[in-house]
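**Q** With the hints as a guide, dock the two chains, each given alone in a separate frame, to form the complex.
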Amino acid sequence: MEVVDARVALAPAISLLCGALVFAAADNTFWRRFWSVSAALAKLGIVMSMLPGSLRGVVYTFDLVEFTPGVGLAFRADALGMFFSVVSSTLWLFTTVYAIGYMEREPNRRRFFGFFALCVSTTVGVAFAENLLTMFLFYETLTICTYPLVIHDETPEAMRAGRTYLVYTLTGGAFVLLGSIWTYQLAGTMTLSQPGILSMEAGRTTLTALFVCLIAGFGVKAAIMPLHGWLPTAMVAPTPVSALLHAVAVVKVGAFGVLRTIYNVFGVELLRELGVCDWLAALAAVTIVTASIIAIFQDNFKRRLAFSTISQLSYIVLGAALLSPLAATAAIVHIANQAFAKITMFFVAGSIQRTTGKTTIHELAGIGYRMPYTMGAFTVAALSFIGIPLFAGFVTKWYLSLGALESDRWIYALVMLGSALLNAAYWLPIVYTAFFKAPHEEVVVQEAHWTMLGPTLACAAYVLLLGMTVSVPGMPFALAQAAVTFVFGM
Amino acid sequence: MTSWPPLLVLFVLTPLVGAVLTPAVSDTSGRRSWEWALGTMLLTSAMAGALIMRVLDEGPFSYVVGGWVAPYGIELRFDEFSAFVAVVCLLGLLAVIFSRHYARDALAPGRIPYYYTLLLLNMTGMIGFIVTGDLFNLYVFMEILSLSAYALVAISGEKTAEMAAFKYLVMGAVSSLSILFGVGLLYALTGSLNMADVTGRLAGSAEAPLVLAFAALTLGFMVKSALFPLHIWLPDAHAIAPSPVSAVLSGLVVKVGILGMLRVYQIAYGSGAIDLSGLNLMLTWLGAISIVMGAFFAVFQDDIKMMLAYSTISNIGYIVMGLGLASPYSLIGASVHVFNHALIKATLFLGAGALIHQTGRRTLTGLAGVGRSMPLTTAAVSIGAISIVGIPPTAGFLCKWYIALGAMQAEEPLFAVALVFGALLIFVYYIRMVNAFYFRKPQEAGAPAVHEAPATMLVPVLILAALCLVMGVLGRLPLSFIEPAVTRLLAPLGGG
Numbered sequence: 000m001e002v003v004d005a006r007v008a009l010a011p012a013i014s015l016l017c018g019a020l021v022f023a024a025a026d027n028t029f030w031r032r033f034w035s036v037s038a039a040l041a042k043l044g045i046v047m048s049m050l051p052g053s054l055r056g057v058v059y060t061f062d063l064v065e066f067t068p069g070v071g072l073a074f075r076a077d078a079l080g081m082f083f084s085v086v087s088s089t090l091w092l093f094t095t096v097y098a099i100g101y102m103e104r105e106p107n108r109r110r111f112f113g114f115f116a117l118c119v120s121t122t123v124g125v126a127f128a129e130n131l132l133t134m135f136l137f138y139e140t141l142t143i144c145t146y147p148l149v150i151h152d153e154t155p156e157a158m159r160a161g162r163t164y165l166v167y168t169l170t171g172g173a174f175v176l177l178g179s180i181w182t183y184q185l186a187g188t189m190t191l192s193q194p195g196i197l198s199m200e201a202g203r204t205t206l207t208a209l210f211v212c213l214i215a216g217f218g219v220k221a222a223i224m225p226l227h228g229w230l231p232t233a234m235v236a237p238t239p240v241s242a243l244l245h246a247v248a249v250v251k252v253g254a255f256g257v258l259r260t261i262y263n264v265f266g267v268e269l270l271r272e273l274g275v276c277d278w279l280a281a282l283a284a285v286t287i288v289t290a291s292i293i294a295i296f297q298d299n300f301k302r303r304l305a306f307s308t309i310s311q312l313s314y315i316v317l318g319a320a321l322l323s324p325l326a327a328t329a330a331i332v333h334i335a336n337q338a339f340a341k342i343t344m345f346f347v348a349g350s351i352q353r354t355t356g357k358t359t360i361h362e363l364a365g366i367g368y369r370m371p372y373t374m375g376a377f378t379v380a381a382l383s384f385i386g387i388p389l390f391a392g393f394v395t396k397w398y399l400s401l402g403a404l405e406s407d408r409w410i411y412a413l414v415m416l417g418s419a420l421l422n423a424a425y426w427l428p429i430v431y432t433a434f435f436k437a438p439h440e441e442v443v444v445q446e447a448h449w450t451m452l453g454p455t456l457a458c459a460a461y462v463l464l465l466g467m468t469v470s471v472p473g474m475p476f477a478l479a480q481a482a483v484t485f486v487f488g489m
Numbered sequence: 000m001t002s003w004p005p006l007l008v009l010f011v012l013t014p015l016v017g018a019v020l021t022p023a024v025s026d027t028s029g030r031r032s033w034e035w036a037l038g039t040m041l042l043t044s045a046m047a048g049a050l051i052m053r054v055l056d057e058g059p060f061s062y063v064v065g066g067w068v069a070p071y072g073i074e075l076r077f078d079e080f081s082a083f084v085a086v087v088c089l090l091g092l093l094a095v096i097f098s099r100h101y102a103r104d105a106l107a108p109g110r111i112p113y114y115y116t117l118l119l120l121n122m123t124g125m126i127g128f129i130v131t132g133d134l135f136n137l138y139v140f141m142e143i144l145s146l147s148a149y150a151l152v153a154i155s156g157e158k159t160a161e162m163a164a165f166k167y168l169v170m171g172a173v174s175s176l177s178i179l180f181g182v183g184l185l186y187a188l189t190g191s192l193n194m195a196d197v198t199g200r201l202a203g204s205a206e207a208p209l210v211l212a213f214a215a216l217t218l219g220f221m222v223k224s225a226l227f228p229l230h231i232w233l234p235d236a237h238a239i240a241p242s243p244v245s246a247v248l249s250g251l252v253v254k255v256g257i258l259g260m261l262r263v264y265q266i267a268y269g270s271g272a273i274d275l276s277g278l279n280l281m282l283t284w285l286g287a288i289s290i291v292m293g294a295f296f297a298v299f300q301d302d303i304k305m306m307l308a309y310s311t312i313s314n315i316g317y318i319v320m321g322l323g324l325a326s327p328y329s330l331i332g333a334s335v336h337v338f339n340h341a342l343i344k345a346t347l348f349l350g351a352g353a354l355i356h357q358t359g360r361r362t363l364t365g366l367a368g369v370g371r372s373m374p375l376t377t378a379a380v381s382i383g384a385i386s387i388v389g390i391p392p393t394a395g396f397l398c399k400w401y402i403a404l405g406a407m408q409a410e411e412p413l414f415a416v417a418l419v420f421g422a423l424l425i426f427v428y429y430i431r432m433v434n435a436f437y438f439r440k441p442q443e444a445g446a447p448a449v450h451e452a453p454a455t456m457l458v459p460v461l462i463l464a465a466l467c468l469v470m471g472v473l474g475r476l477p478l479s480f481i482e483p484a485v486t487r488l489l490a491p492l493g494g495g
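So the protein sequences, as listed, match chains A and B. Counting with numbering that gives the first Met the number 0, you get residues 0 to 489 for the letters of the first sequence. Counting with numbering that gives the first Met the number 0, you get residues 0 to 495 for the letters of the second sequence.
Chain B with its partners taken away, still in its complex shape (with noise of 0.2 Å):
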């Protein structure tokens, strides 16, 4: 059964139609819609499942579209990147599960329908865009994620959300050019749009429009992923999103970019056509500026989901870094930071949601003492927080601990300096938001009695914070899967 070949397009097609359907299924409640939804959502996560079990078995492996061979048809690709969509399908589920109230009061019932629509569209997005072999598909994929993610920041209808999500919009569309501008000029090179085509047949080719080329592409995905100084819309649009919303968008959406980039790599690196080292110092010293910007901006918002967006850019930072660095040890961790960081960032985010739905505040002021009243919630937010942070025996820790590493492996120390002092400015932020929850007092005015939120909240943000706990402890498990990955895209290089 795992083996079963059109199992990989059906695990791209069943969103896509869950999400289409969504509208007709559901009633006036938006009860039905959530099951559906759900529903959908179980399946694809059974199928990635199944999925991640042969790419475990048998290593990476492709399915033709059609039967049309790989450079005439669309091929679709498994490989242990790939595997990020585990997380994918996890947190669109819990997302969706925890959206289940959420959405009701924070959305006009007309809308909530649509709202799951948007949701599945984004994952169909995101599943499309790990999973494809073609580079259009790439860009088709790329773009109903990010038009699907414009829709749902602006979905509960505010001023300010249009504002955010038209900002996201401008920033959006401009790298999505970029990125089809890249596309088209590698297509003019090679005549051909499928990756490992593509890699095979740029060697010899003319270095200036190959460099025009993956400029192109890596200004579009640094957009998406708002590596700094390209951040600015990422703040007001995770910040003000719905909050199942922002654990999506912070978690997942951010890492198109990310993925992207290791497509990119794999074509460069594979094709031995283009030195990518000047790109790869640039990346470094861009996501060492990221981590320490991103973590100094947080150290001053008072309010929680700004704070938490910022911590993504800085994370991301962290992510870039490793990238760049190009060392084993360091795209070991960032590849795996890639996974964790969406554990954790959506385990926060969750948990803000469901702080700031209980009790209508959303700053660290107005959320003094709220320890008291929500043990659990503030207890998995302060998980989140240390794992973030990258303390041991957390899910952030390895991942930080090998880019580290990774910068000592390439002997660039500087970097292992500019992480480690990042993460103490990370932890200066965390420290304050843990500090508001347990030691400050409650603001006495108009404060309501407050309790936990319901389960359908509860228990996706419980989920995550013991995932947060088990992937520290488990780190090995996710280091090892990714490992074969990363030697084969270095082994170009010359073992690394």
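Looking at chain A on its own, in the form it has when it is part of the complex (with noise of 0.2 Å):
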């Protein structure tokens, strides 16, 4: 059932506001975290509202504005973008509480915070986009606005990384507005409402290019093995960026445009027919077993993080690439599953830097004494990761693997087996050196601040969270499994 709505279209606004009043309060410091905690707030109260009646099945509707018929920008909540826009709101919000704490004693927090607010806006608007062009226009304001939070400490490191950052992801944001052009030249709509829009008339060759195109194109973000230079790079932006570009923002948006161009675009008929699912699935497999054992020789702490989320959103293409109802649901449940652990190990990372300065991982030995809340919360993410049950990630791995298996790519469940060891091999080393191994010097119980502590021991308490209540109804489960259905037309 479709309803008309105008709360689709103002959850992106009401950020874009409460960002234009972060930088209106100019260096009043209470109206800037009034306004970044109400824009996260707003935003998250927004999309709540509508998930009780999104979970019903209803799928709201706005359309802004048309140029052309079939050319506009409109604003549509379907299952996924929900599942999409909850996560991301939730997880703002911690970030924000988190950033606050953070930052506070940085320059230049206007533009901070005042971006920071513009990226809620900009990811929910993907998220609703009801077209690729809505989803394009807000895929490269996000590059935009998250920019300037990369270089925020302006160092020629930053700026490089800045660079980089704007030469891949603008790049790729070509890709994606040529890939739109030609779905429109195509199929006369670019419409993402639909299981597909394509069909096989446009000739194999012509249909193998665009999806060249648009995967090329989001491919980008969601830093797919060869396109993840810029990843690895953008680090040296503050933590709490580094959590927003690497859990819930931008690769996020990236992998998303992924699903949306396999599920929307194309179609998984067409793409069954095409078969150029299997050459991204090997990609994906790729990425995923390579960039984790790059990331277990990375003693920078930050950077091993970087590696393992590159690692970690491939299980996203690759759920999707599978183009079987269990990996798919595999594929959308892990945008929050990643998401959430991701973030608890960004907020520890930036914590443990902010307490004691310390960066690298073996300068760790023994600092699950000293704070043990924050070690603890990194030890629950990391157990995530590895996929023990009870945790979120295991979700992912459990239904993944089954997907391989119906699709009989047994060898991708192998895959999974094999990146289950790999995490373990760089996770619990950390955990190893920060409670089995003695510390350096004297040991005194010396938490973060409460605005840290809080956004982290939180996003722990939702990966178990995530981990438990999978059949519970009324999870976001229910929203993934709703969207599976249907794109699968079951």
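By construction, these hints were calculated from the structure, which means they are not laboratory data.
Keeping only pairs whose Cα atoms sit at most 20 Å apart, straight-line, the calculated EDC-like set for lysine to aspartate or glutamate is: (1) B/K440 with A/D152; (2) B/K166 with B/E142; (3) B/K440 with B/D301; (4) B/K440 with A/E153; (5) A/K436 with A/E362; (6) B/K440 with B/D302; (7) B/K440 with A/D26; (8) A/K436 with A/D298; (9) B/K440 with A/E105; (10) A/K436 with A/E446; (11) A/K357 with A/E105; (12) A/K357 with A/E440.
Everything numeric in this text was worked out from a predicted model, so none of it was measured.
**A** Structure representation (structure tokens):
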């Protein structure tokens, strides 16, 4: 059932307004904080108010402006979009609170929080985009809004990372635009509301080229190898920004774009016939394994997290590329599972850095005694990545492996197993170092400020919640299943 | 009233008479000449409105001067492409308004009346060029337009301005000769100068002179519109001229080449005497190269007006590429971009003019942080920047979208790639500009207390910025307006 409802457009708009107000608040700390938190809260409120309806199967739509028939800006909150927006807006609130604590003494806070709030707006814009054009618009705006965050420190290194980031993502964006124009030319529409709008009439070569165009465009932000180069260098940004880039906004928008391309632009049937997804799945599998192996050798905490992100994102791509309902479920829920676990880890890395100044893993000996809660949260996230039952990551691995078997590609089930081992190989040493190695200095319990510790613990709790409540009605998992039912026409 | 026949000829004569009389009515302060020019432009704009209403009602129409029937007498013709006069009059009007304070500060008092004379003459040339149905008159009006443009570039009397104007003059004169040569050849072939008549008589002409004629016309018009590699006169001329003049030059005068090409196409396609696919291929490639080269050079400019000038080259590239692709979508997109680019570029040049006038600085470095002291102007310029990149929902989007679709339609996806990546480069340098306005710290030394420009400068900029948004949201209107003309143009090609 479709309902016209302005809330879908209001969700991006309200954060936009709050972002503007943050800029207007200039150097007034109270109002800056007030509007930053308001942006996150207001958006979360609006998204959550649509959740019950969405769970009942209602789809909210709103056409903003139509330039010519089929070309316009429109919003639509279907199950997949709702899932993504619920995840991102929940995390946003935590990240905002964390950022307020983390950025306490940094310069240029006005610019930082202003663009931070604008990023909320654009991410939800991508989630609720009804057509490729709207999606492209927000996708590009997100790039622009995150650039000032990446270069926040304005060191030569940061500026260089910022340039790399822009070159990668803007080029990707250009491919997305090209793909959108092409799609419109072939299909006469750019809507994302159907389970596939293209047909085989366009010809195999054309369709393959278009698929490569769109996937390459979105794949830059989803950091599919070899398009991942920007991500590790962008680690120079302040930690809340890394969290934002890696868990909530940028990379997820890329992964979401890949899902939209596969499910709503091409459609499962067409892709099965076309056969290009086998290549994408293979590429994703290679990314999963390679990035994990690289991660093992990183001593810098944030760099290890970065390569883990690259590996984890390809779970989503792999799940989508397998074109089986169970794998698709895994792909969608992994948007949430990876996000909550990864953001927990980034929060931990940031808290340690702010509290003790340590940025490399070998320095962390005994840190578990000094920051027990923080490292406890880290352990939860690490176990989730390894895929232990009761933790969120298990759900992904289970469904992804089932999906691989369902589509007769058992090799990918083996990739899942291997990846679990690799994850254990690079996460558990950190846990071991933190809790079982003798600390270098005298142990004093010294946790981060509550604005940083609170979000860390909340996200870790979510990881457990997502892992244990899969079959509870009303949880986002139901949305993922609704999305799968829709795209597979079941 | 709207269908009163002589209106069309009065439309051309009004700015001409106004121009000639300006020095006579002016006083020492230049105030009277401003009022006179303003009045003339208001009257001309009202006539433009009436004429466009008529073409909306009844389609193209013409007027025979003195009652001499078409092939013998002079014919004035008004079709959908002629609706460009709307934006000509609007920009002319706003440029005159903008000039009130600007001219007083930038020019010697004795030159002010002549400045308005030249501006009005420029308008006359523009309007005449657009509505004439006669090839020789086309040339004459183009010369009125070009000569006044050379003088306008040089009007400040500075050495650099004179050099730029001279460069412009040399290139312009050669291109005019080339066009005259082409017109002469067509006359020799057909014995007629009336465009519709020439179209009818061309069939069966010898091929070699025909190719030469069209080549000469194309070459001339391409210099006028500064297509790469014939663009070298443009950056200096547009950057050094007074800002209202830059707006007119960049928004309108370079479009003469494009409109001229459209007339050439009307003749060539209509007569069916010549196959233009080779020419089209060349134009498409040159257009694509212009897009990328213009944008590429713009990235390295620090002078804001220089940057805008290079941006004009790349936008002309879009339009020429659209013409060259010759598919319905791309032609519609290109024709509408002729309108929209005029609006957008005028926003940018007038906005830049206001910034330069108030701060006395013209580099991005010098203008750092100006967003704090002149928020309205910088907001307007930013809207212009977003429009010219082609981000929805602004005016630049739909035209570029249509040109890209046209490339797909013509099965030349490569050019859509050039278009998209050109837009990316354009985006990069406008981001630099917006970044300088808002996020860089003002230069500390000697920054005077800057505030918004006077209303005569601010209001035109704001009106244009608002139009950039309106034309984006209502982008469908100009598209559907120009569609019949494009359909007619392509009809002889067998449905395109």
